[in-house]
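Taken in sequence, the protein lines are chains A and B. Counting from 1 along the first sequence, just add 1049 to a position and that's the residue number in my numbering. Counting from 1 along the second sequence, just add 1049 to a position and that's the residue number in my numbering.
No false leads were slipped in.
Taking CB as the label site, the calculated pair distances span:
hint	chain 1	residue 1	chain 2	residue 2	range
1	A	P1056	B	D1272	53 to 61 Å
2	A	A1087	B	E1156	40 to 48 Å
3	A	G1293	B	A1216	49 to 57 Å
4	B	E1156	A	R1083	44 to 52 Å
Below, a list of computed lysine-lysine pairs in the DSBU-like style, where the Cα atoms sit at most 30 Å apart:
hint	chain 1	residue 1	chain 2	residue 2
5	B	K1159	A	K1334
6	B	K1255	A	K1135
7	A	K1159	B	K1055
8	B	K1334	A	K1159
9	A	K1055	B	K1159
10	A	K1200	A	K1334
11	A	K1334	A	K1159
12	A	K1227	A	K1255
13	B	K1070	B	K1159
14	B	K1255	A	K1159
15	A	K1055	A	K1255
16	B	K1135	B	K1334
17	B	K1159	A	K1255
18	A	K1227	A	K1200
19	B	K1200	B	K1227
20	A	K1055	A	K1200
21	A	K1070	A	K1055
22	B	K1334	B	K1200
23	B	K1255	A	K1334
24	B	K1334	A	K1055
25	A	K1070	A	K1227
26	A	K1070	A	K1334
27	B	K1055	B	K1255
28	B	K1334	A	K1255
29	A	K1334	B	K1055
30	B	K1055	B	K1227
31	A	K1070	A	K1159
32	A	K1159	B	K1159
33	A	K1255	B	K1135
34	B	K1227	B	K1255
35	B	K1159	B	K1055
36	A	K1334	A	K1055
37	B	K1159	B	K1334
38	A	K1334	A	K1255
39	A	K1334	B	K1334
40	A	K1055	A	K1227
Quick caveat, the hints were computed from the structure, so don't treat them as lab data. Everything numeric in this text was worked out from a predicted model, so none of it was measured. Note that the Cβ used here is the ideal one computed from N, Cα and C, for glycine as well.
There are 2 protein chains.
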Amino acid sequence: MSAAEKPNLPSPLPADIDARKAATSAWHESLRDRICAAFEAIEDEAGDVHAARIGPLAAGRFVRTPWRRPSPDGAEAGGGVTAMMKGRVFEKVGVNVSAVHGRFAPEFAKAIPGADADPRFWASGISLVAHPQSPRVPAVHMNTRFIVTQKAWFGGGSDLTPSLPDAVDSATFHAALKAACDRFDPSWHPRFKAWCDDYFYLPHRKEARGVGGIFFDWLDTGDRDRDAAFARAVGEAFLGVYPGIVRRHFREGWSDDDRRRQLVRRGRYAEFNLLYDRGTQFGLKTDGNVEAILMSLPPLAAWP
Amino acid sequence: MSAAEKPNLPSPLPADIDARKAATSAWHESLRDRICAAFEAIEDEAGDVHAARIGPLAAGRFVRTPWRRPSPDGAEAGGGVTAMMKGRVFEKVGVNVSAVHGRFAPEFAKAIPGADADPRFWASGISLVAHPQSPRVPAVHMNTRFIVTQKAWFGGGSDLTPSLPDAVDSATFHAALKAACDRFDPSWHPRFKAWCDDYFYLPHRKEARGVGGIFFDWLDTGDRDRDAAFARAVGEAFLGVYPGIVRRHFREGWSDDDRRRQLVRRGRYAEFNLLYDRGTQFGLKTDGNVEAILMSLPPLAAWP
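Looking at chain A on its own, in the form it has when it is part of the complex (with noise of 0.2 Å):
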């Protein structure tokens, strides 16, 4: 199934979508609670390491800045809130979790499941983009959502994005992915992988974005206990394998050259999320928050 195709999802809505919905959003904010102290534990770790480089900096924190969301008549449309850290491994990462709802504007509800006939959507979500200092240390993203029309679906994903790829790296990503997958489907992996590597593609550019990782979308098995159990284990895995592979570099120096290259990654990366994201592209058509929406943009990228 590739990104453009709209599926027929099977299953109707279940009586009781509020409790689900609620569970997501509530699950979508401990992660992120979870998410963010692993950072900072690795902020602690990492000392001054590097200061010769990017300066003395302090340990970075999370600023949580909530917003809400704008509506036409004023009534309530929900929102949410970005947490942004800058600190001397994480250059600039941004954890956002937010639950909205409104209508979709009728040419983009047409291309939505179960919004044909009733505009009226949900959606929480997830969602982490982080660029560390080091260039030998890899940008990651992750995101799971739960979208709610007249129908109902989980999606989701993560993917790396090494600047010096790094064999090791790259097998242990994919292996605590496979993981996650291979407990609810073992053909879920290499279709989701497929998916992901087909996904974060740039076509002007005839070249991936990283290396990949998982992607999916429109998840509905009709076991809706099932579907939200693999969304959280996809956070879960993130959570369980990303702050390792940083600790696997961040003491670790690097080179002018070794900049140069992650900077240029990093303008793959804006290229990527602005020419094609389909999550900057729906943040956009649904007047969600831009500085939500923009945190995946790098600190810093060069175009040279």
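Add chain B to chain A, keeping to what the hints say.
Using the frame of chain A, we list chain B on its own:
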């Protein structure tokens, strides 16, 4: 007329269309030569006044790289020449000329005047984006183009993007473009200036890309000599005014905060070009040269 509308152009193709194509392409090349010479002269004049900040750089020189447009069936499809300079006044400046031809993809053809029934096109243009080292020197864009389907029209414009807006620079720039317009039609400058403000606008930021200039498209007044002369006048106005604006500021010092503002402004520039710019979309959809199309992206940009 907004950018979204597709006009009905009045004039049939003239019998001498091939001669007009050749003359326009030749003029694009000659303007490119004069602009490159003017910018290299500025590089020579600047000396190493900013060596303490940017390093002891030699005067920049343009490097020209010809490219051929790949054609699906191996037939001739045109090409162009990128001219790129990385200097001590111009951190990155690209001047592209191209003359390409082929067939629009069906989806794209529908939106193009004169291409509904016959998707063949020919297009020649000159396109320039300059990102100066100094935040006190404004960035600038200039483009003129001649497009031929079963209709033919000119388009183009020029706009100024200061990091630190300066009223004299803005007034000087707008006055030069107004003078160029007024020699043809006194209604054009207000119309093309408003079109520029409308076009170079980031709706998601609710902010302008810069201080504007002029933008025009689908110019077909029925007098093809006059239309071509106007496109040339826009190029001449740019060459007449921008070097003076550079010279007004190129010896001034700047602060770290000035540089930070410049890098953020450049991030917005990248957002505009990747999210909205019609020339970028046109290029990527017609298999243009990626390096040429994205040469407009800033050498370094920040999303802090």
